[in-house]
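Protein chains in written order, with full-length UniProt numbering: chain A, 1 to 504; chain B, 1 to 143.
Certain hints may be false.
[To be verified] Looking from chain A toward chain B, a few residues come up when the C-beta cut is under 10 angstroms (computed):
{"#": "1", "residue": "ASP167"}
{"#": "2", "residue": "SER250"}
{"#": "3", "residue": "GLY441"}
No lab work stands behind these hints, which were simulated from the structure alone. The beta-carbon is built from N, C-alpha and C at its ideal position, and this holds for glycine as well.
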Amino acid sequence: MESFLFLADGFAVALTPLNIALLLLGCFTGTLIGALPGLGPVNGVAILIPLTFAFGFDATSSLILLSAVYFGCMYGGRISSILLNIPGDEPAVMTTLDGYPMAKQGKAADALAISGVASFFGATVAVVGLTLFAPLLAGLAIYFGPADYFALYILAFVTIGGIAGVDPRKTLLSALIGLMIATAGLDPISGIPRFTFDNYHLYDGVDAIVALVGLFAISEILMLLEKAAKDRAAPIGLDSWLPSVRAIWSTRWAVVRGSIVGFIAGVLPGAGASLGSVMSYSMEKQASDKNGTFGKGDPRGVAAPEAGNNAASGGALIPMLSLGVPGSGTTAVMLAMLISLNVQPGPLLFERQPDLVWGLVASLYLGNVALLILNLPMIGLFSRLMMVPTWALMPIVAAVSFVGVFSISNSIFDLELMIMFGVLGYLLRKLDISLVPLVLGLLLGGDMERNLRRALSISDGEWGVLLESPISLTLYALTAVFLGLSVWLARRDRKRRQARLTEG
Amino acid sequence: MSVRLAGVAIFMIAALFTWYGRGYTASFGDVLGPGVFPVIVGIPAMILSASLVVFPSGQVEWPERPYLVRQLAALAILAGYAWLLGPLGFPLATFGLIVGIGIVLGGAPLKAVILGALFAPALWALFDQVLGLPLAVLGDWFG
């Protein structure tokens, strides 16, 4: 029950005026970022990170702000799903299936309220899970030696692409590209410059934040330019924001089931919020679609994926904080921020900086309440702001990205680097190569190498040390299983697609 | 085809990376030295990219020429912003960025100019005045 004492301290940290203000600001900004189509949680958080640095907040406050944005995005994504039939971000795709039909039937207020309450419940389940399980996992991770960390990083690279059926070779290649970029700069142990091309700007290595903003925000502009600009349909109007309580109550079991499924999906490495919402929607459909109402505006089809994606996004914080290995794209971006603030997540974080961990957990509890309150009456405001056209939104996003990156180092070189990463990100996205493993490789590369070299220093160059401890053997076994599974899934998907092609 | 070409490009980069990485040595320090990790990373990257050349997966549809031109224009504007931020100062350069990207993205030119005229000074005021990030009002060219 030690956790509860820490949690009480955490509330003391979270309830300082600055942190409350940041929390509310983050919740509002996050909901807006989530609601705006084209600006997802990864983009949003990536753009805000350099600005957070520039404001000079400490690590705890920065993390509270960004987590509030992150949670807010998950709430906001559903607004455009329901009112526009355009998912505001990736995890909200499933919400369009039943949310938009509900809105067309004149039940927009109900759909929004149901999804809001479901989001609240899912996120709360995740935060309770975080309170209970993260310290356990961190306690376990204390026993990890350098060789075990090396094995853990390998597992993380193999699993981060998820089991979405994308070619697993591309995912691994993406991680390896990230690792290659991570080696540029002065070698941390011997001080020898590697891959710097005698450019002194590269001696410190590639700043992960610069790479992130380029990879996500700039490449998004290039993606948008591919297609003809279309005027979006006007959103479905709202008569009132007061929902019927009965409609919300009728979805209670869908919410409970969705939260649990989503939470499990979130904790698993490499799954993240998108998989959480997909899994909880399909489970709910199997469990309760007796009359074929799913897809035609069934409230349970709105509640389950929303509970699922919020539970998953909270669950994804567990491996990020306790092992230092993020479970999703956005948590990878948050890891980048922590590393840049000289906070190394992992088991020691819970011992050395309990203020940060528990302050964050407490502010997530508060943030959830704030988001629920913020979201119900202010939905009209968000739905109006959502109508900002892309041509007006993206130039502002570009300008803010430049200011953020420029403020880190005041160097034009970083701006050029950001644009280059934008082009790289665009090309990789076109080739169906996910960017998240690359970011993870870039972030964890240095640590992975350090742990490998430490392990081999201890063993005096004996490579067998990597396979000695039961922990690393288990991790390698998991890696092998996961790799096998993803190869099998990719092959099965391809066969199915070929079968469909020959049939049609 | 695109996947094959990308595979070739990544293979070349990984091969060069491995080749140069191998050469980094330190006369003292730890057992492994700075040259081994690049080899550990580079060789699997070479194998995977080679396998993409031989067995490519997925189709890539590149944008048609007019859209490609718009993308290049956007990149030129972004690069121009990076280089002109110093000489022009923040508000003026940002005005150009917002107007340029706005028009490339299909906004009406007049509306884009109004957007830029409103937001460039507003962003400067927000970041420089309110949030305390130093951003030059007038660039090197003006004094």
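Going down the list of hints, with the structure as the test:
1. ASP167: This interface hint holds because 4 angstroms falls under the 10 angstroms limit.
2. SER250: violated (42 angstroms)
3. GLY441: holds (9 angstroms)
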